[in-house]
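*Asks:* Go by the hints and put chain E with the ligands onto chain Z.
Protein chains in written order, with full-length UniProt numbering: chain Z, 1 to 480; chain E, 1 to 480.
There could be a bad hint or two in this list.
As the list claims (entries may be wrong) - Okay, the calculated beta carbon distance ranges per label pair:
# : chain 1 : residue 1 : chain 2 : residue 2 : range
1 : Z       : 87        : E       : 467       : 41 to 49 Å
2 : Z       : 237       : E       : 157       : 33 to 41 Å
3 : E       : 332       : Z       : 240       : 21 to 29 Å
4 : E       : 467       : Z       : 239       : 56 to 64 Å
To be verified - Partial selection, computed: residues in chain E whose CB lies under 10 Å from chain Z:
#  : residue
5  : 112
6  : 114
7  : 125
8  : 137
9  : 177
10 : 358
Note that these hints are calculated values from the structure, not bench results.
All figures in this text were calculated on a predicted structure; none of them were measured in a lab.
Built from N, CA and C at the ideal position, the CB exists for glycine as well.
2 protein chains.
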Amino acid sequence: MTRYEEVAATLRERIEHGIYRVGDRLPSIRAVCQELNVSISTAQEAYRQLMDTALIESRPKSGYFVLPSRAPSVLPSISRPAQRPLDISQWDQVLELVATQRDDERLLLGRGVPNFEYETLRPLSKTLASLHRSNDLHGFNYDKLSGSPELRQQVARLAITSGCLLHPDDIVITTGCQEALSIALRTLTQPGDVVAVDSPSFYGTMQILKANGLKALEIPTDPQTGISLEALELALEQWPIRAIQITPTFNNPLGYTMPEARKRALFQLAQRFDVAIIEDDIYGDLSFSLPRPRTVKSFDDDGRVMLCSGFSKTVGPGLRVGWLAPGRYRDQALHMKYVSTGASATLPQLAVAEFVAKGHYERHVRFATRQYQRQRDIMISWVQRYFPKGAGISYPQGSFLLWVELPAAVDGVRLNQRLAQHAIHVAPGSLFSASGKFRQCLRLNYAFTLTPEIEAAVRTVGEFATEMVEEAQGHAVGVN
Amino acid sequence: MTRYEEVAATLRERIEHGIYRVGDRLPSIRAVCQELNVSISTAQEAYRQLMDTALIESRPKSGYFVLPSRAPSVLPSISRPAQRPLDISQWDQVLELVATQRDDERLLLGRGVPNFEYETLRPLSKTLASLHRSNDLHGFNYDKLSGSPELRQQVARLAITSGCLLHPDDIVITTGCQEALSIALRTLTQPGDVVAVDSPSFYGTMQILKANGLKALEIPTDPQTGISLEALELALEQWPIRAIQITPTFNNPLGYTMPEARKRALFQLAQRFDVAIIEDDIYGDLSFSLPRPRTVKSFDDDGRVMLCSGFSKTVGPGLRVGWLAPGRYRDQALHMKYVSTGASATLPQLAVAEFVAKGHYERHVRFATRQYQRQRDIMISWVQRYFPKGAGISYPQGSFLLWVELPAAVDGVRLNQRLAQHAIHVAPGSLFSASGKFRQCLRLNYAFTLTPEIEAAVRTVGEFATEMVEEAQGHAVGVN
Ligand SMILES: Cc1ncc(COP(=O)(O)O)c(C=O)c1O
Ligand SMILES: Cc1ncc(COP(=O)(O)O)c(C=O)c1O
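Same shape as in the complex, but just chain Z (with noise of 0.2 Å):
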């Protein structure tokens, strides 16, 4: 063995013994050297063996940190969704999920919610105190109908880091992305219309579809790399479809981000069949590297690029402010922006604006993601320690989502309805699908701060999904 070798096991062998626990950050260089009395190169090389072998990473400006062991964990498996145009429903378990979240006296662990106790978020409360005891009286009156001008300079400042060149014209403010998300499918669609989605899809899309009489056909989707393009390339061929929907980067619920070749791939086939897109970017900006990945949008030449998002994940949904750039159905879309809910709220677009436009918004993302990735991994190591063997995992680079699949005698609604006792509620997986598919799938947060009492509602979970799968093998036996 040589010296970097020893070293690489010393450290491998804490690891292993719990010493140093899943996210944790390792000793630094320099006190590598000086415990364990080696160079710096040495110590570099031993680090590097552990990269090599996935057992840590190298987070720039932060240091070494202990990863989640892989091995054991698999993706989810890629959705194998009917291939035909559905109906929606699951309407009462979406409104389980949403009718009540402020005050709740449950443990929410299936929840969209971000993480707003961060001090980095003060800065937006101070500006929206500032501006109501100001009595500026622009916070009583109407706004412009396309939102706030300042903050539609902000959003397009922004949205370059995705890869889109917008005018402030292109972008119109909406009442958070689910208002841009159903000005833009009201805006491509008649009643009866066939909308290709990605699958599991966010369900607060779904229930747009169900709300205006579209059918949905749910397209195979990779975990990895996102829609299928050949499956919606043979779905184009056969169904008169009006748009695709897609979440691309980050998505809610699977994860993935589809490469970036892909979603120049996506455009040209849309542009192809001379089909609509509406990409849903509401986590993008939530990357745990940077530079983000770019948007569907970025490659979008004709404008036929809805894109939808807001900043109800970066900085809190609260306040309802989203963003909609509406490309070349802009005069449509605030049409339908104005019978919606006419001009959005005026002093939380002024805050957000400045909040952006003082650069508090990026010092803000940049922190929370640094937590969401850490505590990603320490999520996925619950759930690789309580949850039942073979699960499942998703392994976002992004957001604060995690997706869990599970052998299918798990069933996510009735896993809900036995975890009430302990007032626990996680978002069952036939939330995300029109064919109720997914059952045996859970949606977790990892946003929150990673407390013992969240380690133990989880253990609960994993005990329920095990106890559930120990009945259907129980079964099984005594029916053979």
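*Replies:* Just chain E with the ligands, lined up with the frame of chain Z:
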């Protein structure tokens, strides 16, 4: 002449000579006694005589005020819309009105916003500031889908004054009244359906019809008693009407309030034909006398009335706090709310709830309506003075919108084009009709603090309108 007749004559002379002008408060009874050396009962008798001839009016706890001379002014005529369902157009004109509000360089004489310069709004700004300053994390989180319980409780309390007994759970908070209307119409209709509306009718609702592919059946409407029940009954017999959409209290733009008996009869008619009512009560609290008029909803014993309202006209539209009492359609309405914008913004709801709970709302509305009532009279006197002879003028008993019907030669849209050079904008009447009726009508706002600058603008509008009348006459002469 008796002594009191002499006193009345003296005061009448002063009014006619402009010593006391329209909207001015007259000297108190005590002051008159001292000045003219008469008894209290003589002064009271004199004032009573002036009231009998509609020269002045008494306002509780405020005193006596000079009224505009009603003699030469007539009400607008009863509308005679096309008696068949129509598609909506006019979006371009609506867009011009709503696209740009804040920071507009023009004087928007036709806008639909209240006055938010009054000190009585201050407590709301303070509450908003302190909620944000306290860094209450609630503000960043999603609220309950149906809205904050605190606010729903206060809304239920306020609704009592309109004769409604609502439980907080009967209420859904929305993003402005516009969203309430949009949800109500989408809940009740499918594309192609026919909706009966009063005529003229708020352009925002008309545009919702347009966006949803609905047809408007405009029902003749009386400028004093509202929608014609006789015409409505005929229409209900003849057409498959899905919903009746009306603004029966302080109607925008016509200003009337349906008498209580007619509201009840309207409800019974809807019941007989088993059709739903969408009642827009956004101006209902701005009554010049107390108690405020009852809503149609107050007669609703089977949940067929969807009541839409909010705080945009009483507090300020920039907050976007509206509400809906969906009656028996609650489940579908809640689904529509979810897909439209998700939960509404959190802190504005909490702030408005506190504003109402602490009595600030009632105080503010009382103060504002006192100003509006006085300003109504002043604005009417300006229109009488500066507009072409024979203009029909509404006489609203609440709210802050005046409707003026000019000679047929005047076209509101063309008038606006001419007014552009003076940076003045009015709301042209054709906005309020599906069939392009009311071209010769205008809507004016008297919520402004009525400065000489605004008087000058009203005069300019009158001059341009007179010019159009004279041009038409010249043309007619030339043709003869
Ligand atoms: C993919 C996706 N799009 C849109 C939304 C809705 O965002 P907002 O709260 O801004 O309406 C969510 C929130 O859960 C989401 O996950
Ligand atoms: C009759 C009527 N209903 C609804 C609205 C819209 O109100 P909000 O700004 O709360 O959406 C208006 C505003 O002009 C109105 O006049």
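*Asks:* Which constraints among the numbered hints does this structure fail? Numbers only, ascending.
*Replies:* 1, 2, 10
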